[in-house]
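J.: In order, the protein sequences belong to chains R and A. Under the working numbering, residues 1 to 453 are what the first sequence spells out, in order. Under the working numbering, residues 1 to 453 are what the second sequence spells out, in order.
Since the hints were derived computationally from the structure, they do not count as laboratory data. Treat the hints with care, as some may be off.
Any copy, or any two copies together, can satisfy a pair, since identical chains are not distinguished.
[As the list claims (entries may be wrong)] Here are the simulated DSS-like cross-link-like pairs (lysine-lysine), alpha carbons at most 25 Å apart as the crow flies: (1) K76 - K124; (2) K152 - K272; (3) K187 - K160; (4) K190 - K403; (5) K76 - K160; (6) K322 - K230; (7) K27 - K152; (8) K379 - K94; (9) K152 - K379; (10) K379 - K322.
Next come the chains, spelled out residue by residue.
There are 2 protein chains.
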Amino acid sequence: MADGAEKQSMHRVVIVGGGFGGLYAAKELGRAPVQVTLIDKRNFHLFQPLLYQVATGTLSPADISSPLRGILSNHKNTQVLLDEVVDIDPSQQKVMLRGSELEYDTLIVATGVSHHYFGNDHWKPTAPGLKTVEDALEMRRRIFMAFEAAEKETDPNKRKAWLTFVIVGGGPTGVELAGAIAELAYKTLKQDFRTINTTEAQILLLEGMDRILPPYPPELSQKAAESLSKLGVTIRTKTLVTNIENNVVTAKQGEAVEEIPAQTILWAAGVKASAMGKVLEQRTGATLDRVGRVIVEPNLSIAGHPNIYVIGDLAHYAHSDKTPLPGVAPVAIQQGQYVARLIRERLNGQSLPAFQYADAGSLAVIGQNKAVANLGHLKLSGPLAWFIWIFAHIYYLIEFDNKLIVMLQWGWNYFTRNRGARLITGESSLVQVNVDSEGYSVPSDKSPVEASR
Amino acid sequence: MADGAEKQSMHRVVIVGGGFGGLYAAKELGRAPVQVTLIDKRNFHLFQPLLYQVATGTLSPADISSPLRGILSNHKNTQVLLDEVVDIDPSQQKVMLRGSELEYDTLIVATGVSHHYFGNDHWKPTAPGLKTVEDALEMRRRIFMAFEAAEKETDPNKRKAWLTFVIVGGGPTGVELAGAIAELAYKTLKQDFRTINTTEAQILLLEGMDRILPPYPPELSQKAAESLSKLGVTIRTKTLVTNIENNVVTAKQGEAVEEIPAQTILWAAGVKASAMGKVLEQRTGATLDRVGRVIVEPNLSIAGHPNIYVIGDLAHYAHSDKTPLPGVAPVAIQQGQYVARLIRERLNGQSLPAFQYADAGSLAVIGQNKAVANLGHLKLSGPLAWFIWIFAHIYYLIEFDNKLIVMLQWGWNYFTRNRGARLITGESSLVQVNVDSEGYSVPSDKSPVEASR
Numbered sequence: 001m002a003d004g005a006e007k008q009s010m011h012r013v014v015i016v017g018g019g020f021g022g023l024y025a026a027k028e029l030g031r032a033p034v035q036v037t038l039i040d041k042r043n044f045h046l047f048q049p050l051l052y053q054v055a056t057g058t059l060s061p062a063d064i065s066s067p068l069r070g071i072l073s074n075h076k077n078t079q080v081l082l083d084e085v086v087d088i089d090p091s092q093q094k095v096m097l098r099g100s101e102l103e104y105d106t107l108i109v110a111t112g113v114s115h116h117y118f119g120n121d122h123w124k125p126t127a128p129g130l131k132t133v134e135d136a137l138e139m140r141r142r143i144f145m146a147f148e149a150a151e152k153e154t155d156p157n158k159r160k161a162w163l164t165f166v167i168v169g170g171g172p173t174g175v176e177l178a179g180a181i182a183e184l185a186y187k188t189l190k191q192d193f194r195t196i197n198t199t200e201a202q203i204l205l206l207e208g209m210d211r212i213l214p215p216y217p218p219e220l221s222q223k224a225a226e227s228l229s230k231l232g233v234t235i236r237t238k239t240l241v242t243n244i245e246n247n248v249v250t251a252k253q254g255e256a257v258e259e260i261p262a263q264t265i266l267w268a269a270g271v272k273a274s275a276m277g278k279v280l281e282q283r284t285g286a287t288l289d290r291v292g293r294v295i296v297e298p299n300l301s302i303a304g305h306p307n308i309y310v311i312g313d314l315a316h317y318a319h320s321d322k323t324p325l326p327g328v329a330p331v332a333i334q335q336g337q338y339v340a341r342l343i344r345e346r347l348n349g350q351s352l353p354a355f356q357y358a359d360a361g362s363l364a365v366i367g368q369n370k371a372v373a374n375l376g377h378l379k380l381s382g383p384l385a386w387f388i389w390i391f392a393h394i395y396y397l398i399e400f401d402n403k404l405i406v407m408l409q410w411g412w413n414y415f416t417r418n419r420g421a422r423l424i425t426g427e428s429s430l431v432q433v434n435v436d437s438e439g440y441s442v443p444s445d446k447s448p449v450e451a452s453r
Numbered sequence: 001m002a003d004g005a006e007k008q009s010m011h012r013v014v015i016v017g018g019g020f021g022g023l024y025a026a027k028e029l030g031r032a033p034v035q036v037t038l039i040d041k042r043n044f045h046l047f048q049p050l051l052y053q054v055a056t057g058t059l060s061p062a063d064i065s066s067p068l069r070g071i072l073s074n075h076k077n078t079q080v081l082l083d084e085v086v087d088i089d090p091s092q093q094k095v096m097l098r099g100s101e102l103e104y105d106t107l108i109v110a111t112g113v114s115h116h117y118f119g120n121d122h123w124k125p126t127a128p129g130l131k132t133v134e135d136a137l138e139m140r141r142r143i144f145m146a147f148e149a150a151e152k153e154t155d156p157n158k159r160k161a162w163l164t165f166v167i168v169g170g171g172p173t174g175v176e177l178a179g180a181i182a183e184l185a186y187k188t189l190k191q192d193f194r195t196i197n198t199t200e201a202q203i204l205l206l207e208g209m210d211r212i213l214p215p216y217p218p219e220l221s222q223k224a225a226e227s228l229s230k231l232g233v234t235i236r237t238k239t240l241v242t243n244i245e246n247n248v249v250t251a252k253q254g255e256a257v258e259e260i261p262a263q264t265i266l267w268a269a270g271v272k273a274s275a276m277g278k279v280l281e282q283r284t285g286a287t288l289d290r291v292g293r294v295i296v297e298p299n300l301s302i303a304g305h306p307n308i309y310v311i312g313d314l315a316h317y318a319h320s321d322k323t324p325l326p327g328v329a330p331v332a333i334q335q336g337q338y339v340a341r342l343i344r345e346r347l348n349g350q351s352l353p354a355f356q357y358a359d360a361g362s363l364a365v366i367g368q369n370k371a372v373a374n375l376g377h378l379k380l381s382g383p384l385a386w387f388i389w390i391f392a393h394i395y396y397l398i399e400f401d402n403k404l405i406v407m408l409q410w411g412w413n414y415f416t417r418n419r420g421a422r423l424i425t426g427e428s429s430l431v432q433v434n435v436d437s438e439g440y441s442v443p444s445d446k447s448p449v450e451a452s453r
């Protein structure tokens, strides 16, 4: 770098992770007299709240993703690195990347969470979760492939299993997936098949607690359950999944045990901290919670390490309330902005009071015209909640062209019930579904098709 | 099927392949008194002329794809099957699918072509071609990953190889790819990197003939070459690729042999017939041409098999001209419509004169505001040709919502030079580029990242 000498003397901030927390910290530091390096394994920021719409064929991955370099290109103090942090050394103030290392003065860790199978990681291939673009495309492939396989299946029991969709977990993601799949089966795809009747599809939403959307007020859970039932979703509460094997879900409700043959099983049940949690525990002595999140100080730093911050889903912050803050985008955004401001204040010898989350409410969508909104004193459901949901999501889409495209897609879908992105893609989409003699096999991933591609 | 008895007595048309030829045949037969089955390995029709815009990060796959079921859902006489034809039996009038078979009265084969490496199939992993959505996403991944790797590379020679893009083949696809990559490097990405200068990228277009766009009139080839040069593309004509190994392209121009180290090598040089060509040769005695295409009769049937038609890229049709018709969408569309009309006429005991291609001209785009159009007597280049190209392509996009989205994306890109779909995705995008000691390795596809996803 030509201006290396000047930069050497600048305060170096390294941000690990380009999700909501890391990105908003970087944006807030864009005009500060610091040198910023944002490290992410992916070259784009993903608007995760809309990922289920990729999984169910409404939006394309690019509609809800923005290249990190593009977002930050005007911030000349900021470098984006497509790389991965594999370790840190707090005494040397260094992060170790793959094959290189990088010094920092302040470190912000925002690497988020991944799926949690509660000790049953072997369920993962059969019941994929939804965190990455690849996850969403895999879900999309399975959902649409299931209808295709059912269309060709002649055995009624096997056909029923292809038309059974089990969603494990009744939180916002599970509710959104169940609602979207119900709309697909009962509305969008209704005219598209000749031998199956897609309205015979069964969509099951399983939740361990006594109601869906447990973090919401009970009356909104109730409204959501009513809306989902009207859409055709079967809800089972107080129901625990005890096994997933050979495409059969074993569900336990009190003493009753049920075996549900289902070719499509989607996991929306739990999260665990990303691997950086363990790294921080080992290198800084940070305390982790039950799912591996880092318990942070009131200013989001790690105890004893005032220049290392953990924000977003990876942080366990329980200072403003007894329960930790939820793993949602607004918390991560506010934490990213707070830490960026705190860094600027500190460079001026100042400080900031403890982080305070300003809760604007939470929203979950159930289907066309149907959503629930918990805005503190105001609890909404139905079309108004749905419109608030739409505008809140469009507002937070990071780039203007994404806002336009998503608005247009939604507007179009709203009036036509069409869904443009119903593609079955990926290497394994080139092959046929092989229904074996047991009836519950998954699509094979070996293809002799090569020659005729 | 409830109305099976009625359908049994109907004339059964089986169409293999849902590209331009197969789809337009199916559409034309939608109201005819026949029973239509359209078989494709994919669940969507792909608008292949715009695939290079997916490969270079302008459009998303869903923008140029439409689910076949959706397009044909109103044609109640038509069934779509996601399956593959592995063999045919003309004496029994049957096609063999994977695990089942299907009888036909008339068979239309429209399975197109794939890449041709002229006996060097081992070049394929290093120099991928562009036929499928997966091909395009792989090209996109390689192009954007190359800039990322260059940004991290400290060795100037290795960095140069990461910033060298070789496109083999100067036909329309090669020209379009070269122009789009030049615009990326010299315009779109200019502000996005900190250690590299993307305008130092080298884009090489290699063509074996004495000019690019050989099927076009020489003056348009000349115009195209001038426009590409202005964009920053280096064109080498009369240049043959004799080897591709360890990410070095060996190019021979007359006696001069050059070795070009390049991490990104894209193949746009040749096509060969899909596997159905060989199947037809074996089962019907059809004659194939040099690249395996089926030589068809004036009415597009196979000699001696009046109820088997071959249309689109797979057909070698040389009755209206000495040279066979080119493998372009308008030929396939007109052939699909012709065969559909011929089937209807035959059911009424009538016939049709030989197929005649109505050539409306050909278009190739070079970059923003730059294209060449050969409209018979009228030869255009520059902004007007570019606008004709835009409108011709939007007009032929099969569904209205795709038209809207693509128009919006293009309009937005036109005024902002932004590109929304610059995502590096796919399993192998989760890992880092490992530059080995030789300097020319490709990204590894094994990732220890799993835990922190």
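J.: Now look at each hint and say whether the structure bears it out.
T.: Right, here's what the structure says about each hint:
1. K76 - K124: This pair counts as neither: shortest intra-copy Cα distance 42 Å, inter-copy 40 Å.
2. K152 - K272: neither (39 Å within a copy, 31 Å between copies)
3. K187 - K160: within (19 Å within a copy, 53 Å between copies)
4. K190 - K403: between (29 Å within a copy, 24 Å between copies)
5. K76 - K160: Answer is between: at 24 Å across copies they meet the 25 Å cutoff, but 57 Å inside does not.
6. K322 - K230: Cα proximity of K322 and K230: none, with 36 Å in one copy and 64 Å across.
7. K27 - K152: between (51 Å within a copy, 22 Å between copies)
8. K379 - K94: Neither, since 47 Å and 62 Å both go past 25 Å.
9. K152 - K379: neither (45 Å within a copy, 50 Å between copies)
10. K379 - K322: within (23 Å within a copy, 74 Å between copies)
The earlier numbered hints that this structure contradicts are 1, 2, 6, 8 and 9.
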